[in-house]
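**Student:** Spelled out, the chains give:
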Amino acid sequence: MFAVTAAALLVAMCLAMCRALLGPTAYDRVLALNNIGTKTVVLIAVLGFLNGRPDFLDLALAYALINFIGTIAVLKYIEYGDLGTSGGSRRRKAMEMEP
Amino acid sequence: MNRVLWLWGILFALWLPLSNHFEPLFIGFGLATCTIAVVVGARMGIVDRESVPVHLVWRGIRYVPWLVWEIFKSNVRVARIILAPRVRVDPSIVHFEASQKTDLGRFIYANSITLTPGTVTTGIVGDDFEVHAIVQEEIDGSEENDMNRRVAVLEGEGG
Amino acid sequence: MDQVLSVLTWALLLSGAFFLVTGALGMVRLPDVFTRMHAAGMADTMGAGLILAGLCLYSGANLVTVRLVLILAFLWFTSPIATHALAKAALSGGTEPYTLGAGTDGEGEGGGAP
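Residue numbers (numbering that gives the first Met the number 0), protein chains in the order written: chain A, 0 to 98; chain B, 0 to 158; chain C, 0 to 113.
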């Protein structure tokens with residue numbers, strides 16, 4: 000039964016990958032990426048049970064966090080063009096420019 | 000001070016199952032790590048009502064099953080939209096006032112809205128919530144008011 | 000008892016898989032990034048939730064179950080924040096939300112709106 004679930008996960012990942020390739024805007028691609036990441040987390044857990052070795056769950060746990068941070072980082076990069084500036088710093092700079 | 004002890008307990012309770020080793024050496028490492036983390040956090044002054052909301056635990060236990068049931072119902076609704084032979088969506092962005100008093104309450108409410116498929120919080124300014132809904136019925140039903148009321152009960156009195 | 004547990008595990012895993020595939024299908028079929036977010040949310044909440052619940056049921060009461068619950072908690076805490084960040088970034092990046100009257104680029108719509 001784990002094999003069926005893993006197959007469904009792979010099908011869903013393929014569909015999300017279609018959206019990542021087709022997606023007209025960058026946000027569609029980021030959404031698909033985040034979604035594939037979530038499915039990867041579940042896939043790692045299911046594969047652990049499929050092989051009878053649930054030790055993989057630690058990897059799934061770490062991957063869930065990395066996926067979140069990665070999505071936020073990519074979004075920030077799209078929005079600001081680099082990862083160094085903080086959200087408020089542009090505004091502060093603009094405010095400092097005003098006398 | 001109470002809150003610091005709670006944080007220590009939560010961190011240590013996380014350490015034990017994740018480390019999965021119960022020799023004295025590893026438990027000692029866990030004790031030391033949790034203590035260092037909690038002491039640093041307390042010195043930075045970030046252990047407060049907002050970061051360690053243990054006062055919400057008892058009311059939260061009643062809130063979470065209701066939220067899961069709501070998520071299930073709206074999942075079924077969105078699944079019906081997607082699986083219909085012709086996709087017929089009528090998305091819209093609506094504004095409404097939330098009745099939570101604290102930032103933590105607003106955070107919980109906004110995340111509950113986003114976690115329920117069919118509605119996504121796109122922005123919050125003060126009490127004003129901006130929500131994108133996949134079909135009109137998702138948002139102007141009584142369920143949002145119900146959720147609003149329940150989160151207001153969850154956050155309790157004041158901040 | 001074992002039979003009941005096994006049937007329940009099957010049911011949870013299969014319904015989770017159903018929601019996952021439906022959500023992914025929605026990501027392909029729905030017309031714009033905001034509506035696709037709702038479909039992605041389906042896979043994040045019910046899809047992952049039901050499958051991990053099924054795995055919990057299968058493994059019984061031990062440390063593996065604790066880890067599965069932790070994974071589910073992380074997913075359910077982080078997914079709305081990521082979705083919200085994405086929605087906010089898409090709005091401030093100038094993406095126009097699809098509305099029923101405006102466009103005909105939606106796959107299922109095709110100008111056939113009533």
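Hints may contain errors.
[To be verified] Per label pair, the in silico range of CB-to-CB distance: (1) B:D47 to A:C13: 40 to 50 Å; (2) A:A2 to C:V27: 21 to 31 Å; (3) B:V152 to A:G80: 35 to 45 Å; (4) C:M0 to B:K72: 29 to 39 Å; (5) B:V56 to C:N61: 34 to 44 Å; (6) B:D145 to A:L9: 14 to 24 Å; (7) B:P23 to C:V27: 22 to 32 Å; (8) B:I26 to A:G80: 42 to 52 Å; (9) B:L82 to A:C13: 14 to 24 Å; (10) B:S50 to C:S91: 19 to 29 Å; (11) B:T101 to A:M16: 37 to 47 Å.
[To be verified] If you want the footprint, here are the derived chain C segments under chain B, 3+ residues with CB under 8 Å: (12) 3-13; (13) 56-62; (14) 84-95.
Quick caveat, the hints were computed from the structure, so don't treat them as lab data.
As the structure is a computational prediction, the values presented were derived from the model and not from experiment.
Here a beta-carbon is modelled for each residue, glycine too, at the ideal position from N, C-alpha and C.
**Student:** Is it true that B:L82 and A:C13 lie within 14 to 24 Å of each other by Cβ?
**Tutor:** 18 Å, holds
**Student:** Could you see if the CB distance from C:M0 to B:K72 stays within 29 to 39 Å?
**Tutor:** 30 Å, holds
**Student:** Could you see if the CB distance from B:I26 to A:G80 stays within 42 to 52 Å?
**Tutor:** 47 Å, holds
**Student:** Quick check on a hinted range of 22 to 32 Å for B:P23 and C:V27, using CB atoms only.
**Tutor:** Taking Cβ atoms as reference, B:P23 and C:V27 lie about 54 Å apart, which means the hint is violated.
**Student:** Taking the Cβ atom of B:V56 and the Cβ atom of C:N61, is their distance within the range 34 to 44 Å?
**Tutor:** The hinted range 34 to 44 Å is violated for B:V56 and C:N61, with Cβ atoms some 24 Å apart.
**Student:** At the C-beta level, are B:S50 and C:S91 separated by a distance inside 19 to 29 Å?
**Tutor:** Since the Cβ atoms of B:S50 and C:S91 sit about 27 Å apart, the hinted range of 19 to 29 Å holds.
**Student:** Holds or violated: the stretch 56-62 of chain C covered by chain B, criterion of 3 or more residues with Cβ-Cβ distance under 8 Å?
**Tutor:** n = 1 at 8 Å, threshold three: violated.
**Student:** Can you tell me whether the CB distance of B:V152 to A:G80 sits inside 35 to 45 Å?
**Tutor:** Holds - the Cβ-Cβ distance for B:V152 and A:G80, about 43 Å, lies within 35 to 45 Å.
**Student:** If you count the residues of the stretch 3-13 of chain C with a beta-carbon closer than 8 Å to a beta-carbon of chain B, do you get 3 or more?
**Tutor:** violated (count 0)
**Student:** For the stretch 84-95 of chain C, count the residues whose Cβ lies under 8 Å from any Cβ of chain B; is that count three or more?
**Tutor:** holds (count 3)
**Student:** Using the Cβ atoms, figure out if B:D145 sits within 14 to 24 Å of A:L9.
**Tutor:** Given about 38 Å between the Cβ atoms, the range is violated.
**Student:** Using the Cβ atoms, figure out if B:T101 sits within 37 to 47 Å of A:M16.
**Tutor:** Check passed, 41 Å falls within 37 to 47 Å.
Checked against the numbered hints above, the structure breaks hints 5, 6, 7, 12 and 13 and satisfies the rest.
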